[in-house]
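Chains as they are written, first to last, in this note's numbering: chain B, 1027 to 1296; chain L, 114 to 421; chain F, 719 to 1137; chain W, 159 to 526; chain S, 159 to 526.
FYI, nobody ran anything at the bench for these hints, they're computed from the structure.
Where is the CB? At the ideal position from N, CA and C, for every residue including glycine.
Just so you know, not all the hints are guaranteed correct.
Derived pair list, reagent style EDC-like, types lysine to aspartate or glutamate, alpha-carbon separation capped at 20 Å [what the hints assert, rightly or not]: (1) S:Lys-330 <-> W:Glu-212; (2) S:Lys-330 <-> W:Glu-368; (3) B:Lys-1123 <-> W:Glu-212; (4) F:Lys-836 <-> F:Asp-802; (5) S:Lys-330 <-> W:Glu-474; (6) F:Lys-878 <-> F:Asp-999; (7) L:Lys-190 <-> F:Glu-772; (8) W:Lys-287 <-> S:Glu-474; (9) F:Lys-747 <-> B:Glu-1090; (10) F:Lys-805 <-> L:Asp-171; (11) W:Lys-287 <-> S:Glu-368; (12) L:Lys-190 <-> F:Glu-1132; (13) F:Lys-882 <-> L:Asp-274; (14) S:Lys-326 <-> W:Asp-176; (15) S:Lys-289 <-> W:Glu-175; (16) S:Lys-161 <-> S:Glu-189; (17) F:Lys-729 <-> F:Glu-1021; (18) S:Lys-287 <-> W:Asp-176; (19) W:Lys-326 <-> S:Glu-368; (20) L:Lys-365 <-> F:Glu-731; (21) F:Lys-747 <-> B:Asp-1240; (22) W:Lys-330 <-> S:Glu-189; (23) B:Lys-1085 <-> F:Glu-743; (24) W:Lys-289 <-> B:Asp-1240; (25) F:Lys-1017 <-> L:Asp-312; (26) F:Lys-836 <-> F:Glu-815; (27) F:Lys-1136 <-> L:Glu-183; (28) W:Lys-287 <-> S:Glu-175; (29) B:Lys-1212 <-> L:Asp-312.
So the derived list for chain L, only partly shown, Cβ under 10 Å to chain S, looks like this [to be verified]: (30) Thr-142; (31) Pro-146; (32) Asp-312; (33) Ser-314; (34) Tyr-316; (35) Glu-317; (36) Ala-319; (37) Arg-320; (38) Ile-321; (39) Tyr-328; (40) Leu-330.
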Amino acid sequence: MNVLRTFLLYALLITCSVVMLFPIVYAFLISFMSGAEVLQGHIWPQEFTTANYVAAFRKVPLLEYLLNSFIVSFLVMLGQLIVSSLAAFAFVFLNFKGRDVLFFLCIATMLIPWEATMIPNFLTVQKLGWLNSYLGLTVPFFALAFGIFLLRQHFKTIPLELYEAAQVSGVSHFRFFWNIVLPLSKTSLITLGIYSFLTTWNMYLWPLLVTNNDRVRTVQIGLKQMQTQEISTEWGVVMAAVIVVILPTLLLLFVGQKHLQKGLMQGAIK
Amino acid sequence: MNTPLPVQPPASVQIRRKRTMRTTLEGITYLLPSLILFSIFLFYPMLRTMYLSVYLTDYQGNPVQFVGIENFVYLLKDVNFLQSVKATLLFVCYTVPTSVFLALCLALMANEKLKGIGLFRTCFSSTMGMSVAASSVIWMFMYNPSIGVINKVLSLFGISDVQWLLDPKIALVSVAISTIWMNTGFTFLILLGGLQNIDPSLYESARIAGVSYLYQLRKVTLPLLSPTLFFVTTVSLIHSFQTFGQIDILTKGGPMDATNVIVYSIYKDAFINYNFGSASAQAVILFFAILVVTFLQFKFGERKVHYQ
Amino acid sequence: ATTPSENKEGKTEIVFWHAMSGDLETVLKEIVEEFNKSHSSIEVKPIFQGTYEEALTKFNTVAGTKDAPAIMQTFEVGTKYMIDSGKIQPVQKFIDEENYDIAQWEKNIVNYYTVNGKIYSMPFNSSTPVLIYNKDAFKEAGLDPEKPPMTYGELKEAAKKLTKKQGGQTTQYGFSILNYGWFFEEMLAVQGGLYVNHENGRKENATKAVFNGEEGLRVFDLIRDMYKEGTFYNVGQNWDDMRAAFQSKKIAMYLDSSAGVKTIIDNAPFEVGVSYLPVPDGVERQGVIIGGASLWMTKDISEKQQKAAWEFMKYLSTSEVQAKWHVKTGYFAINPAAYEEEIVKAEWEKYPQLKVTVDQLKQTKSIPATQGALISVFPESRQKVVKAMESLYQGVDPQEALNRAAAETDRALEIANKK
Amino acid sequence: MAKVELVHVCKSYNGKEDVIQDLSVSIEPGEFFVLVGPSGCGKSTILRMIAGLEAITSGELLIGGIKVNGMPPSERNLSMVFQNYALYPHLTVEQNITFGLHTKKISKQEQKKRCLEAAEMLGLTDFLKLKPRQLSGGQRQRVALARAIVTHAPICLMDEPLSNLDAKLRSKMRSEIRQLQRRLGITMIYVTHDQVEAMTMADRMMVLNEGRPQQIGAPLEIYNHPSNIFVASFIGAPPMNLAKAKVLESSLLFNSERVMRLHHHLPSSQQQVIVGVRPEHIRLADTGDEYFIAEVVNVEVLGTETLITFELTKTEHWIARWSGQWNVHVGEQVPLFIDETAFIFFHEDGQRLNHPVSSYVASGEERK
Amino acid sequence: MAKVELVHVCKSYNGKEDVIQDLSVSIEPGEFFVLVGPSGCGKSTILRMIAGLEAITSGELLIGGIKVNGMPPSERNLSMVFQNYALYPHLTVEQNITFGLHTKKISKQEQKKRCLEAAEMLGLTDFLKLKPRQLSGGQRQRVALARAIVTHAPICLMDEPLSNLDAKLRSKMRSEIRQLQRRLGITMIYVTHDQVEAMTMADRMMVLNEGRPQQIGAPLEIYNHPSNIFVASFIGAPPMNLAKAKVLESSLLFNSERVMRLHHHLPSSQQQVIVGVRPEHIRLADTGDEYFIAEVVNVEVLGTETLITFELTKTEHWIARWSGQWNVHVGEQVPLFIDETAFIFFHEDGQRLNHPVSSYVASGEERK
Ligand SMILES: Nc1ncnc2c1ncn2[C@@H]1O[C@H](COP(=O)(O)OP(=O)(O)OP(=O)(O)O)[C@@H](O)[C@H]1O
Ligand SMILES: Nc1ncnc2c1ncn2[C@@H]1O[C@H](COP(=O)(O)OP(=O)(O)OP(=O)(O)O)[C@@H](O)[C@H]1O
Ligand SMILES: [Mg+2]
Ligand SMILES: [Mg+2]
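Bound-form chain B, shown alone (with noise of 0.2 Å):
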């Protein structure tokens, strides 16, 4: 019975594994596959080339793309989590008038279409001077009220009492802020700190918009200047470039995860 039922679930996971995974892995082979080959539907590269890599490499300035994206990912990360933080952290410990309200109104920034605020937000990146610089990239980001929302959430489970022994104690609330709510949230914290960190390497069109020059450019415009629309895309390349740029990213999640599991493995607060 037992058995059979640990069978089962390492059928079911790995069923589930391959088809989380079968669309990765179908971009990494093509990277491999050479132009004509894509287009013809082959699934399994007839030989592994290495040239799409070497031509991605060539086309753009990868590198320092990578870098910069890097860059202003962490930026955005920190910002992110700095700023949610200390904003969940009032909603859910500080009681004070006016805070569901509050509340609700971060919220409603997330119903916001991002269109609607792209252009206004451009401009006023340009009338700041922002513009070809990591703070025009990052500083709009700061805020996000996802983040806060997530946070909000986790703080919610964190026993009343801790709190009630911590103002016992008479410890200010950053104090307990700082050394026991972030602390006990760190699957939450990791969790948001990678949400932000992909998101903010993933964006494209707002890095076109603030940046003109290849110094601050993030590497998803990388991409972009690999495909091409009149003219045949070349896929392996693109792929190859889709693999450079989700490396990082993928790596980050693994990461990441083996700190989750190791906080998760911590357990429960109670």
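Go by the hints and put chains L, F, W and S with the ligands onto chain B.
Leaving out everything else, chains L, F, W and S with the ligands in the frame of chain B:
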């Protein structure tokens, strides 16, 4: 924090007022960064959008002529817009429940204590590492009727060419499927976190009681997971309303506007057709639509949520 | 970056926004580099700005500010839009000042960018549609691979023969057209049909779409008929999907851009033929409209910069540069003298198909129809036409589909004219 | 040192029923004040109100003479041991103990010193580097205790701090806490269920029932002079034996079955009273005693002592408590003797009837 | 009815130190088996192993004669009261209590009935519709108890189920649980810190220390015949008085300060022994007794009894326990008497020396 007590007890009313003032101030301090950034980068543009929605704009997006609610009136009569509304609603219905459900199943499986479970967790969350653009390109490949894998596999089963992205009847479903795949990783990760946060002694107690897996799921796991579930549904809902990238790459709103969801229609109107007025009007409508849905979700959903 | 007329080394800096990605960008950069080397006082800085639409969006927001570029590449359908924006400097000014001989430019290309007798922008990457077919499949079907169909009748006939079935499943279709407005416009123009009134909007602002006339209907009927017969394959609106279908022998003939011809030949596992756009039986061939993009000079830059930008444009149109451009990208040379350059000859030796594309353009008659429509709402109108094309596969009546697209274009025109 | 006063304090969680009703008590600086009462009577609620964790519905709370109803807990300068410990799961035992000390401007060395002291006292020295989840229930409780101890706050609230400890450790802790409290002059408010804790530690104690104070006083006074039958039966284990009786001249008639003669005057002119007698005052009759015979229905030998349950009447059982281990059998008829002065009389409504202070003499006769 | 056997069971959490070491014990069907031991000695760990919540590192666990080391908890057919209650926060008290009953194929009415019964018995009737967070600590514990009771599982594990209840309720619960266990014939494994609980409820009990069983037996046997000084001092409150002594002919010499004469033979030829005597066996000397004088250092009047701490030697204090309330003052010199038969002797290493069964006679002399 550790201020000495005042010698003279001040009038209690005054204390209280001071205190509420102080707590409010403190709360605001924590919120200040968010509030400032929100105001500059979200509220201000949104207000501007609302303002534009009652204007006819020039190509630069400057208002040239006040038209009142004409933009709205036209939209509500426009079959194209109604089609967008329909597509959006359908898309939300296809994606949200499915991706939350699938992610929940995966999270439940991955929550078991098994050897090598970490590997599976990583696999399941891997789609989170994929950008929408990259994933869409891959899916576009897979959907390709002539060279795509999906049709190749299906042809093994004798199912002939399905035009995944070209048939108006299934294009939306196809886009939804790829979207679900893209969303699962993240939803999974969040749900897994929620599951792991449940006090293990409650499971121990249930194990001793000898209840079946499903019963435990229904009576213990899900209620205790409800804050997380609530969160992911709300967020998926909002995100789903705002899906853009995959539509742009996979179908460009076609065929026959079948996948022309409102956000994509806004995008086209604003950035390709330069009808900022109409785009703004759609944005405003979308905003209020999501607002209503989210409000309902909070009002009725959060009631069932059990915190702590 | 600020746009000082001079940078640190005392060179005049020319910021050049383009939408050339992939290999195109590589070639473009090479050309720019050579220019910079040979012009010590000027530095051109090419900056990729995403797709044409994205670049235009951005241009839109920065036009008139210090962040605006000196040269801006815009696709052909943005022509009217750029003119109306009031932020650009027509190149005619420099042509007049210098008495620059524009006769060296390909007339059929320049025509497109000439409005009210004024050349507004410098044509750059230009292409036209051609019919591409699988010669091997032709042979197999018993058709002469050197005699591709020139009329609708021949096309239908050939398509029928090329269509292969296997157990109720079609493994090879005869023909396909991408669901993209450009091809419709071309099929219209080749018959001499207009897209909008007022001579395609070139006499005065267009107010009404006229593409739903008999010429348009013929195109739609063709698609509808062939689709019904099962000889036409719907490839959607993605260029790469269409090419993949051809490469994987799903379709035997299709319409493609002249710029894509070379890659197709390189990648196809069979012999590729290139031919002119087919015309309806009994209709005289008028020729094709130019597609692609041109370079615009912006207004709010210093005199010196304008001069420098013009210098760059002139450089681009030299025959050597154009020869290189043509060979490396497949786009036309705007300067026909380029075709006499050695490298082009060598290339044509290798790819005789390329010559067909040039010939088709050369044979084009200069009439408003082949000059192309001039409307600011072109992108929107194209969306409507695409939708109309898509609706054909759903069994909608061709005339009805066309009428709807025309009506929607009318409304867009009406709003645009209010602005 | 701080005085804690509650003035007409009421508390309601749901706005309908009061969980605490009109509580007024003043706890002196440096006093060890114990709260006892049945489970759910509101003890934790009172502590939480004093700590500022729960709003006071009506009435006033004064600390050091200042009204603090609205003051946040952090400013009240007190420490608290929570009934469910409230340990920080991610901090080690040591970090848990010293958490919050910095706010009191205590140097790192001093923190370390206090922590080690407390750990030593509570037997936690080996666990300082562990996380709470690696500890047993009792160990966790001790950490919670240590955390409160090290602050040296002038007011300390403890909610059943020893309930998960074994008898030995508990008795050690009792005296340690008491000593510490004396040494530092802390005002201690202490909730317990343990009679021994209440009796040995309290300067004064308050017996609560259903949110209402029943009696406040020194432990012995409460033990000896319970002001009503609730207190009488609640304090003392096994509880005081109680039975309704009719007063017939100078005799007590229990359920028309058993008569006991009294030599002294009856406390009042009541016809119907409730009679109470503590188990330790019912002893085996010596020769010459005016005994009565009763049937034994249950015997519990506890080692130190033996509890003998016997039939007072058919329906009422009383318990006698004898020191040592007795070999008495169920069903046996034993002669029993109750010293008349050991009787306590209550009105039918439960209130104490006679309250002659020190009229009651301990059965272990006073020495010399 | 099921027998529970542990055979050479070891448990280690971290793979290094053993928390439980080589434990072998067999618990009979229908037996009420109590585990006692200091905090952190491994009691909860044992229960959790029996329940199947914690893997057994080595050794065998048998239930009803079948090896169940790997069997999931649900198949072991037992119920458990957790030390930290483990209530479902989102379910009402009633739902908490009946949780899982349906798996036992118990009809809805029967579930309802059992729930009401248990609630009645535990005084929870008013709270059935509330959520755990609205309950006081003791109420929560009672819910946990009710949840275990209603299952009527043949084996029941309880981890300090009464620690948060007041004395009165606790004594009521003691007898209720005992009755229920007898009526249903449940095999009960019960962890407690409360001496009274252990003594009154247990058929047999096991004293544990640091994961090692110290003694298994009937409560009184353990009380009277502790097999080592750990058990001696752990069972009984206040604990047995212990002191090192030199044996000089027929006298005991404590720290070269105090001598006590013995009339009987000494248990062994040891020169150096540890002498133990229970506090209740040290009484005030009557005239004629062979008394010794000691100075009182502390007096605790508990109501029922008085604890007198006196100086045995300069460095060692002993406690005497006298029934009743005594007016003794600190610093007084009192004459004390210890019945010689009350002495228990231990080897220096802590093991009991003489173990003459029933050689020891209760001080409350046997009747008749
Ligand atoms: N999960 C764990 N990981 C590591 N060590 C643990 C864990 N649980 C318990 N221990 C250790 O095992 C020992 C025994 O713990 P256990 O909980 O069995 O004690 P206990 O006898 O129930 O104590 P108490 O009476 O205080 O509840 C303790 O020293 C404790 O520190
Ligand atoms: N948060 C709450 N919401 C509603 N009712 C509550 C809440 N907390 C406690 N109560 C109720 O208030 C009463 C008093 O609770 P309190 O916790 O003060 O009891 P207690 O005296 O500490 O009991 P115990 O000894 O069992 O811990 C109880 O009847 C309880 O049901
Ligand atoms: Mg309590
Ligand atoms: Mg325990």
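Now the hints, each set against the structure:
Proposed proximity of Lys-330 of chain S and Glu-212 of chain W is contradicted: the alpha carbons are some 32 Å apart, above 20 Å. Between Lys-330 of chain S and Glu-368 of chain W, the direct Cα distance comes to roughly 19 Å. Compliance with the 20 Å bound is thereby established for this hinted pair. Of the supplied pair hints, the one linking Lys-1123 of chain B and Glu-212 of chain W holds, its CA atoms being roughly 18 Å apart against a limit of 20 Å. Using a Cα cut-off of 20 Å, the hinted pair Lys-836 of chain F and Asp-802 of chain F holds, with the two alpha carbons roughly 14 Å apart.
Between Lys-330 of chain S and Glu-474 of chain W the CA atoms are separated by roughly 16 Å; this keeps the pair inside 20 Å, and the hint holds. Among the hinted pairs, Lys-878 of chain F with Asp-999 of chain F is consistent with the structure: their alpha-carbon atoms are about 17 Å apart, no more than 20 Å. Between Lys-190 of chain L and Glu-772 of chain F the alpha-carbon distance is near 30 Å, which puts this suggested pair outside the 20 Å criterion. The hinted pair formed by Lys-287 of chain W and Glu-474 of chain S fails the criterion: a straight-line CA distance of about 34 Å is larger than 20 Å.
Distance restraint check for Lys-747 of chain F and Glu-1090 of chain B: the Cα-Cα separation of roughly 18 Å lies within the 20 Å cut-off, and the hinted pair is therefore satisfied. The straight-line distance between the Cα atoms of Lys-805 of chain F and Asp-171 of chain L is roughly 13 Å, inside the 20 Å bound, and the hint therefore holds. In summary, the hint linking Lys-287 of chain W to Glu-368 of chain S is supported, as the alpha carbons are separated by about 19 Å, within the 20 Å threshold. For a cut-off of 20 Å, the pair hint linking Lys-190 of chain L to Glu-1132 of chain F stands: about 17 Å separates their Cα positions.
The hinted pair formed by Lys-882 of chain F and Asp-274 of chain L meets the criterion: a straight-line CA distance of about 14 Å does not exceed 20 Å. Distance hint between Lys-326 of chain S and Asp-176 of chain W is unfulfilled; the C-alpha atoms sit about 24 Å from each other, more than 20 Å. For the hint linking Lys-289 of chain S to Glu-175 of chain W, the alpha-carbon distance of about 17 Å falls within 20 Å, and the restraint holds. For the given pair, Lys-161 of chain S sits about 9 Å from Glu-189 of chain S by alpha-carbon distance, which is consistent with the 20 Å threshold.
At roughly 14 Å between alpha-carbon atoms, Lys-729 of chain F and Glu-1021 of chain F fall within 20 Å of each other, so this suggested pair holds. A threshold of 20 Å between alpha carbons decides the hint, and for Lys-287 of chain S with Asp-176 of chain W the separation of about 18 Å falls inside it, so the pair holds. At roughly 15 Å between alpha-carbon atoms, Lys-326 of chain W and Glu-368 of chain S fall within 20 Å of each other, so this suggested pair holds. This hinted pair does not check out: Lys-365 of chain L and Glu-731 of chain F have alpha carbons roughly 37 Å apart, beyond 20 Å.
About 13 Å separates the Cα atoms of Lys-747 of chain F and Asp-1240 of chain B, which keeps this hinted pair within 20 Å; it holds. With a CA separation close to 32 Å, the supplied pair Lys-330 of chain W and Glu-189 of chain S exceeds the 20 Å bound. With a C-alpha separation of about 8 Å, the suggested pairing of Lys-1085 of chain B with Glu-743 of chain F holds against the 20 Å cut-off. In summary, the hint linking Lys-289 of chain W to Asp-1240 of chain B is not supported, as the alpha carbons are separated by about 50 Å, beyond the 20 Å threshold.
With a CA separation close to 68 Å, the supplied pair Lys-1017 of chain F and Asp-312 of chain L exceeds the 20 Å bound. Taking the CA atoms of Lys-836 of chain F and Glu-815 of chain F, the gap is about 13 Å. The hint holds against a cut of 20 Å. Pair hint Lys-1136 of chain F plus Glu-183 of chain L holds up; C-alpha atoms about 14 Å apart against a cutoff of 20 Å. Of the pairs offered as hints, the one joining Lys-287 of chain W and Glu-175 of chain S holds, with about 16 Å between alpha carbons and a cut-off of 20 Å not exceeded.
At roughly 17 Å between alpha-carbon atoms, Lys-1212 of chain B and Asp-312 of chain L fall within 20 Å of each other, so this suggested pair holds. Annotation: interface hint on Thr-142 of chain L violated; nearest CB of chain S at approximately 30 Å, more than 10 Å. For Pro-146 of chain L, the shortest C-beta to C-beta distance to chain S is roughly 33 Å, which exceeds 10 Å, and the interface hint is violated. The interface hint given for Asp-312 of chain L is met, as the beta carbon of that residue sits about 7 Å from the closest beta carbon of chain S, less than 10 Å.
Satisfaction of the interface hint for Ser-314 of chain L is found here, the shortest Cβ-Cβ separation to chain S being roughly 4 Å, below the 10 Å cut-off. Interface restraint check: Tyr-316 of chain L against chain S, minimum CB-CB distance 9 Å, threshold 10 Å, status holds. At a threshold of 10 Å, the smallest CB-CB gap from Glu-317 of chain L to chain S is about 5 Å, leaving the interface hint in force. Hint status for Ala-319 of chain L: holds, given a least beta-carbon distance of 7 Å to chain S, under 10 Å.
Contact between Arg-320 of chain L and chain S, as hinted, is supported at the beta carbon level, the nearest pair being about 4 Å apart and thus within 10 Å. For Ile-321 of chain L, the interface hint holds, since its Cβ comes within 10 Å of a Cβ in chain S; the closest pair sits about 5 Å apart. The closest approach between the C-beta of Tyr-328 of chain L and any C-beta of chain S is roughly 7 Å, which is under the 10 Å cut-off, so the hint is satisfied. A cut of 10 Å between beta carbons decides the hint on Leu-330 of chain L: the least distance to chain S is about 13 Å, and the hint is violated.
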